[in-house]
Amino acid sequence: MGGTKILSAVINSTDGIIAVVKESTETGATQKQYIKQLASIIKKTIKEAKVTEDSIKAVCIGFPGPLDPFTGIIYSAPNLGLKNFPIKKLLQEVIPYPVLIENDVNLGALGIQKFGVAKKGKNVLTVFIGTGIGGALTFNGKIYRGSNFVAGEIGHIIVNPKGSLCNCGNRGCFETIASRSAIVKHLEAEIKANKRTMLKKIVKQGKPIKSKALYLAVKAVDKLTIKEITGACNAIGLVLANINNLLNLDLIVLGGGLMEALDYYMIPKIKTAFNKNIMKGSGKGIKIVASKLADDAALYGGIALAEEFLNIKV
0 MGGTKILSAV
10 INSTDGIIAV
20 VKESTETGAT
30 QKQYIKQLAS
40 IIKKTIKEAK
50 VTEDSIKAVC
60 IGFPGPLDPF
70 TGIIYSAPNL
80 GLKNFPIKKL
90 LQEVIPYPVL
100 IENDVNLGAL
110 GIQKFGVAKK
120 GKNVLTVFIG
130 TGIGGALTFN
140 GKIYRGSNFV
150 AGEIGHIIVN
160 PKGSLCNCGN
170 RGCFETIASR
180 SAIVKHLEAE
190 IKANKRTMLK
200 KIVKQGKPIK
210 SKALYLAVKA
220 VDKLTIKEIT
230 GACNAIGLVL
240 ANINNLLNLD
250 LIVLGGGLME
260 ALDYYMIPKI
270 KTAFNKNIMK
280 GSGKGIKIVA
290 SKLADDAALY
300 GGIALAEEFL
310 NIKV
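In numbering that gives the first Met the number 0, the protein residues as written are 0 to 313.
It should be emphasised that the hints constitute simulated quantities derived from the structure, not laboratory data. A couple of the hints might just be wrong.
Claimed, not checked - Quick list of in silico lysine to aspartate or glutamate cross-link-like pairs, EDC-like style, CA-CA up to 16 Å:
1. Lys270 to Asp294
2. Lys200 to Glu187
3. Lys121 to Asp249
4. Lys222 to Glu189
5. Lys118 to Asp249
Fair warning: this is a prediction, and the values are worked out from it, not measured in the lab.
Could you put the whole structure together from the sequences, leaning on the hints where they help?
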């Protein structure tokens with residue numbers, strides 16, 4: 000579930016993704032209307048998959064925001080205008096399947112741990128870099144959620160207390176420096192200052208600078224874009240080194256839209272900055288790799304969530 004789209008799939012560990020349905024999220028909907036849309040897309044996806052309803056073992060939902068996976072309450076959904084949303088209870092009333100919810104980054108990390116590059120990882124940090132920056136920790140294959148279920152908020156580590164104002168209310172958060180949104184914001188400011196870049200055409204046309212445009216600019220050796228991407232890589236490497244000095248991980252997985260477009264270029268630079276700032280003993284043997292599951296990571300994470308909460312293998 001997201002602020003702009005709902006991606007739904009029927010999936011199991013044997014066949015993988017059997018069917019997918021994607022819909023735009025209804026903005027400004029009430030809790031009741033939102034539940035109705037979810038119930039509808041669940042029904043459509045089962046029909047698309049051509050499976051029987053009694054073969055569905057659980058409905059697992061990934062949501063971008065703070066929530067309690069045990070009570071099934073979403074605390075805050077600013078993009079949807081919803082607060083204290085008892086999604087599990089309300090959806091359970093209109094569908095005949097067990098409902099589970101989890102933070103979307105945690106769910107993605109579970110998918111990568113069980114089905115992706117982190118299969119052999121013991122202590123893993125998964126970081127998704129896109130519009131914002133989200134993180135999740137898995138220790139011995141299990142998500143570490145924290146006392147209030149908000150562990151892993153790497154995007155809100157304060158890197159520069161005098162920096163830009165973040166959506167969370169603090170200044171200089173990591174995601175105000177190294178997310179795609181931050182990179183684009185810096186580039187747009189440079190373009191307004193009349194700096195040369197091939198991205199100027201996109202801005203003049205009033206279009207948003209997306210990850211693909213950044214990829215093409217890097218490929219074309221656009222100096223301004225490379226400068227901003229390099230600065231982001233240095234910040235990412237620094238933050239990851241600090242986290243690893245604390246946790247002594249064996250694997251860091253990088254995903255998200257920006258990494259999907261530019262992992263080949265960014266990861267070597269991130270590793271350089273990481274190695275520059277890491278404590279020698281802490282950095283021994285650690286690997287920094289790209290996730291290869293993209294949006295599918297959270298879908299596969301649903302299988303792990305069902306196993307954890309319902310003790311079933313799907």
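Hints and how they fare:
Between the alpha carbons of Lys270 and Asp294 the distance comes to roughly 24 Å, so the proposed pair goes past 16 Å and is violated. At most 16 Å may separate the alpha-carbon atoms for a hinted pair to count; Lys200 and Glu187 meet this at roughly 11 Å. For the hint linking Lys121 to Asp249, the alpha-carbon distance of about 7 Å falls within 16 Å, and the restraint holds. In summary, the hint linking Lys222 to Glu189 is supported, as the alpha carbons are separated by about 12 Å, within the 16 Å threshold.
Distance restraint check for Lys118 and Asp249: the Cα-Cα separation of roughly 12 Å lies within the 16 Å cut-off, and the hinted pair is therefore satisfied.
In summary, the structure is inconsistent with hint 1 from the numbered list given earlier, while agreeing with all the others.
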